[in-house]
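> Chains as they are written, first to last, in the numbering used here: chain A, 1 to 572; chain B, 573 to 743; chain C, 744 to 976.
A few of these clues could be false.
Think about it this way: if two alpha-carbon atoms lie no more than 30 Å apart in a straight line, the pair counts; the simulated BS3-like pairs of lysine-lysine are [unchecked claim]: (1) B:597 with C:875; (2) C:882 with B:597; (3) A:33 with A:508; (4) B:645 with B:597; (5) A:508 with A:430; (6) C:856 with C:882; (7) A:507 with A:33; (8) A:356 with A:438; (9) A:33 with A:356; (10) A:438 with A:508; (11) B:645 with C:856; (12) C:856 with B:597; (13) B:645 with C:882; (14) A:430 with A:507; (15) A:507 with A:438.
Here are a few chain C residues that sit away from chain A, every Cβ distance over 12 Å (derived from the structure) [unchecked claim]: (16) 851; (17) 889; (18) 906.
In short, the hints are calculated from the structure, not lab data.
Backbone N, C-alpha and C define an ideal beta-carbon position, used for all residues, glycine too.
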Amino acid sequence: MATVMHTDAPAEAAAHHHPEHHHPEHHYLNHEKTIWSWLSTVDHKRIGIMYAISVAIFFLIAGVLALLVRMELLGPGETIMGPDAYNQVFTLHAVMMVFLFIIPAVPGFLGNFALPIQIGAKDVAFPRLNLASWYIFMAGAALAVIAIGVGQVDTGWTFYTPYSSDGSNSVFFVTLAVFVAGFASIFTGINFIVTIHKMRAPGMTWNRLPLFVWALYATSIVQVLATPVIGITMVLLFLEKFLGIGIFDPALGGDPILFQHFFWFYSHPAVYIMILPAFGIISELVTVFSRQNIQGYTFIALSSVAIAFLGFLVWGHHMFVSGQSAVSSIIFSLITYLIGIPTGIKVLNWVSTMYKGSVWLQTPMLYALSFLFLFTIGGLTGVMVGVLAVDVHLHDTYFIVAHFHYVMMGGTVIALLGGFHYWWPKITGKMYNETLGKIAAILIFIGFNITFFTQFVLGSRGMPRRYYDYLPEFTALHQISTVGSWILALGLFMVLFYMIHSMFRGKKAPANPWGAATLEWTHCTSPPDPHNFHHTPIVTHGPYDYHALEHLYEGDGVGDGATVEAAPGQKH
Amino acid sequence: MAHDAHAHADGDHGHHIIPMPVLLKTFGGLIFLTILTVLTATQLDLGAFNVPLALAIACGKATLVIMFFMGLKYDNRVNTLTLVLGILFVLIFISFTLFDTAFRGDIGNVDTIPQEDRTRMEETLQQRDPGRAGLATSPADSLALEQNPLEETPAPAEEPAPETTEPEAAH
Amino acid sequence: MASTTTTAAPAVEHGHGDGHAHHPRFQHHFVSMEQQFDSAKLGMWLFLITEILLFSGMFVAYTVYRVWHPEVFEVASEALNPFLGGLNTVVLLASSLTVALSIHFVQKDQIQKMNWMLLLTVLCAAIFMVVKYFEYTAKFEHGLYAGEAFHPHAGYEQFNIPYARQFFSIYFVMTGIHGVHVLIGMGMFTWLYTRGLRGHFSSEWYTPVELSGLYWHIVDLIWIFLFPLMYLI
Ligand code: HEM
Ligand SMILES: [Cu+2]
Numbered sequence: 001m002a003t004v005m006h007t008d009a010p011a012e013a014a015a016h017h018h019p020e021h022h023h024p025e026h027h028y029l030n031h032e033k034t035i036w037s038w039l040s041t042v043d044h045k046r047i048g049i050m051y052a053i054s055v056a057i058f059f060l061i062a063g064v065l066a067l068l069v070r071m072e073l074l075g076p077g078e079t080i081m082g083p084d085a086y087n088q089v090f091t092l093h094a095v096m097m098v099f100l101f102i103i104p105a106v107p108g109f110l111g112n113f114a115l116p117i118q119i120g121a122k123d124v125a126f127p128r129l130n131l132a133s134w135y136i137f138m139a140g141a142a143l144a145v146i147a148i149g150v151g152q153v154d155t156g157w158t159f160y161t162p163y164s165s166d167g168s169n170s171v172f173f174v175t176l177a178v179f180v181a182g183f184a185s186i187f188t189g190i191n192f193i194v195t196i197h198k199m200r201a202p203g204m205t206w207n208r209l210p211l212f213v214w215a216l217y218a219t220s221i222v223q224v225l226a227t228p229v230i231g232i233t234m235v236l237l238f239l240e241k242f243l244g245i246g247i248f249d250p251a252l253g254g255d256p257i258l259f260q261h262f263f264w265f266y267s268h269p270a271v272y273i274m275i276l277p278a279f280g281i282i283s284e285l286v287t288v289f290s291r292q293n294i295q296g297y298t299f300i301a302l303s304s305v306a307i308a309f310l311g312f313l314v315w316g317h318h319m320f321v322s323g324q325s326a327v328s329s330i331i332f333s334l335i336t337y338l339i340g341i342p343t344g345i346k347v348l349n350w351v352s353t354m355y356k357g358s359v360w361l362q363t364p365m366l367y368a369l370s371f372l373f374l375f376t377i378g379g380l381t382g383v384m385v386g387v388l389a390v391d392v393h394l395h396d397t398y399f400i401v402a403h404f405h406y407v408m409m410g411g412t413v414i415a416l417l418g419g420f421h422y423w424w425p426k427i428t429g430k431m432y433n434e435t436l437g438k439i440a441a442i443l444i445f446i447g448f449n450i451t452f453f454t455q456f457v458l459g460s461r462g463m464p465r466r467y468y469d470y471l472p473e474f475t476a477l478h479q480i481s482t483v484g485s486w487i488l489a490l491g492l493f494m495v496l497f498y499m500i501h502s503m504f505r506g507k508k509a510p511a512n513p514w515g516a517a518t519l520e521w522t523h524c525t526s527p528p529d530p531h532n533f534h535h536t537p538i539v540t541h542g543p544y545d546y547h548a549l550e551h552l553y554e555g556d557g558v559g560d561g562a563t564v565e566a567a568p569g570q571k572h
Numbered sequence: 573m574a575h576d577a578h579a580h581a582d583g584d585h586g587h588h589i590i591p592m593p594v595l596l597k598t599f600g601g602l603i604f605l606t607i608l609t610v611l612t613a614t615q616l617d618l619g620a621f622n623v624p625l626a627l628a629i630a631c632g633k634a635t636l637v638i639m640f641f642m643g644l645k646y647d648n649r650v651n652t653l654t655l656v657l658g659i660l661f662v663l664i665f666i667s668f669t670l671f672d673t674a675f676r677g678d679i680g681n682v683d684t685i686p687q688e689d690r691t692r693m694e695e696t697l698q699q700r701d702p703g704r705a706g707l708a709t710s711p712a713d714s715l716a717l718e719q720n721p722l723e724e725t726p727a728p729a730e731e732p733a734p735e736t737t738e739p740e741a742a743h
Numbered sequence: 744m745a746s747t748t749t750t751a752a753p754a755v756e757h758g759h760g761d762g763h764a765h766h767p768r769f770q771h772h773f774v775s776m777e778q779q780f781d782s783a784k785l786g787m788w789l790f791l792i793t794e795i796l797l798f799s800g801m802f803v804a805y806t807v808y809r810v811w812h813p814e815v816f817e818v819a820s821e822a823l824n825p826f827l828g829g830l831n832t833v834v835l836l837a838s839s840l841t842v843a844l845s846i847h848f849v850q851k852d853q854i855q856k857m858n859w860m861l862l863l864t865v866l867c868a869a870i871f872m873v874v875k876y877f878e879y880t881a882k883f884e885h886g887l888y889a890g891e892a893f894h895p896h897a898g899y900e901q902f903n904i905p906y907a908r909q910f911f912s913i914y915f916v917m918t919g920i921h922g923v924h925v926l927i928g929m930g931m932f933t934w935l936y937t938r939g940l941r942g943h944f945s946s947e948w949y950t951p952v953e954l955s956g957l958y959w960h961i962v963d964l965i966w967i968f969l970f971p972l973m974y975l976i
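Bound-form chain A, shown alone (with noise of 0.2 Å):
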């Protein structure tokens, strides 16, 4: 079997069509083809695509802004921008890249197209919430548009009072645009929640979920709990600036720092609803290309769950030099390093199943283990910086600045584009170009490296964050991030172009070029039908039991969605 994965196996079209079927090419992208028909959708897969131009446009932006930031970097003193501009310039960056594409990308895009059908459901709970929280999320991104064109917002993306409540009107619409973009993201936890448990199709018990589903479920809980948190904070901070109602302005007998904890109550939350979605992509990509059956699902489900809740009693770590008690940061500080327990089980488990596993190295394993590495150092920097003797120095320097984007980047876009280059035949129904994909992962690797690892290097000697100016002793560490940056966006785009490529001329994909085991593989088309199924599937196994997938389909299991109705047990 192993063999016949290592061969070019995508290449074997989808030769058999099921007789009942009306049309060959009859599915979800061509059913309907009028804009409108988009723009009206409540089918999950569209809204997921809707969601995914939607971040990809966003990612493109603050990517091209994020060019900029290390442009000025290039050099001490004002290289492209002045100080100003950098404060603007750095805020919108991070704005958009953490409230309009990463909080959104995952569960929005492949969460959207991908859960219902790895349950075996027709749609989500509230497929009409579904398409609400799309507009929504827009209206926020417009909101977040109008703060650019109105005025200037340097406030950082943290929006620390007093400046962001004495500062420039157009926080008010950046405050408002994540009020407003808040509430897609709670729409899109509730639809998950209830999805997965009112939604599963017969047999599909609890322990048979694929570990995407668990992660967005643990994901899902988060964006439930903590986004209204967000949202009165920026009310409140909303009425601090026009009325000044004292609570958070110190000139007015407010306390900042009850702002900060108010912020963080939400903000460390949020960096799980960024990441644990990602741990579900890799716990997909790392069983399916090792050909071999999960290590530990119960630890891995669990532990999902188990950081959702941990990551609820840590968030006093961003403020251990805000002047808080000292009792608060001790505590904060003692669980913080709890979390790397449920972290480290994970870890150990995704190396454990490749283990003795046929590692199959196509482009989403290059991606799994591009995270593997990159998550660990962003994980372990984080417990470091949980220390708090350790974290008085790193705070506010380059080193924060390489850990989270060490996290964020290395964890949660390279899971994301793992994802998406694993479920690109699915969604698209063509394969890409693999000798490219996988230049561009390794373009990708080598460039955030270079781009980030000085980083460490440059928070440790005491490079401050958020300055466009710096000491000359700093320069050639900058300067090597910077060109680190060209590399990066290099392979990113790579990726753009190819992509764009293989949707028109891409080869045709088969149902199941990966020889996965969960339901979008085995029992849909690629793409899919606009139902997702012809029958609703009954579910005899796990989600990643390769060998009752063998026995099943017969074969190396590389099956075609349209063959296999006949799955045992499932009448017709």
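Using the hints provided, position chains B and C with the ligands relative to the given structure of chain A.
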């Protein structure tokens, strides 16, 4: 069927109808507790127990509403779990914030205001404020300082106050 | 709705033993009316906890400032009228009862009675808002505002103390956001009432009534805590 429908208290058909007397009794209980909380708050002074008592009564009322009006007593357990989770995280939010605000300033050496100014500030503030003790450490003191310029009190011309660097006794 | 066009829904699905499967309100991505109802309800409960967490931020602000300045809060709360607060409590509790009764009646297919209860709910909500209006204007007249406009006068000078502003800010923000929820609830129940008149609900399908009821009880619950915290202690 994997979905949770079958966990429903009364099987497949119909929903539990909460009997009229139960609803009316609940309402009676709520009114009773409202009167009780008004009476205890206005007629009794239990000192430190005023707030806990009022909160306890409010929790009792909340339980009645949740169990009978919202019907959680007869509902799917997952809905109860959801609510409990929500309440749990509210409690976490409040208590972990209090770990900071209730102990603010427990490290003496992070105070950037010289002890001498601080003592004077407190004196000025205490003359005006009924909530003396409460004012000691909040960062808002700087505002009060602005409103009551120190100039009012004769500036201590020469030597600084004794070097009492002992940490602020938090409230 | 994409999912309503399902052509090849297999027999397995409808064999679920649920006679209501063909109710016009049935959405075909569900297996049964029961599943549809339970899903909606779980979704609503999840939404309700987001409401609770939204208010939690303000409760945290209240707690923090109260712990810092307990005396100020005790003095400042004397500015509020416990009688009006108590009246509003009773009004809201009554509206919770009428909502619960409206569900009781629709489950028994007594649609006329359900409509009356919905109307009574709207009425209670309106009374609540009117009382709030008088409370607010009475405060504004004496310069008790949220925020920088705060300057007590005309017999309210005793509230011109540091941190009383924080109390009134929190009071106005919390009751204000609560009031917005009451207004939204009023809108919802008016809409339900018109639908009830048009005969949209029956014991077979009354999901909107059920969900709006849950929402309304949460609004009531928040008030149950606001009342003693603001007016009494
Ligand atoms: C292994 C678990 C992790 C631990 C123990 C950890 C710990 C920390 C600590 C202590 C800080 C504060 C440093 C400072 O400001 O002085 C921090 C900052 C940060 N972390 Fe993590 N972290 C972890 C994982 C993550 C993940 C998974 C993400 C995002 C996907 C993330 C995103 C961030 C961000 C964005 C900041 C900086 C926030 C800012 O000040 O702008 N972290 N982390
Ligand atoms: Cu954190």
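> Could you run down the list of hints and mark each one as holding or not?
Here's how the hints hold up against the structure:
no. : hint             : in the structure
1   : B:597 with C:875 : holds (28 Å)
2   : C:882 with B:597 : violated (36 Å)
3   : A:33 with A:508  : holds (20 Å)
4   : B:645 with B:597 : holds (15 Å)
5   : A:508 with A:430 : holds (5 Å)
6   : C:856 with C:882 : violated (39 Å)
7   : A:507 with A:33  : holds (22 Å)
8   : A:356 with A:438 : holds (23 Å)
9   : A:33 with A:356  : violated (47 Å)
10  : A:438 with A:508 : holds (19 Å)
11  : B:645 with C:856 : holds (24 Å)
12  : C:856 with B:597 : holds (19 Å)
13  : B:645 with C:882 : violated (41 Å)
14  : A:430 with A:507 : holds (5 Å)
15  : A:507 with A:438 : holds (17 Å)
16  : 851              : holds (26 Å)
17  : 889              : violated (5 Å)
18  : 906              : violated (6 Å)
Against the hints set out earlier in the document, violations occur for numbers 2, 6, 9, 13, 17, 18.
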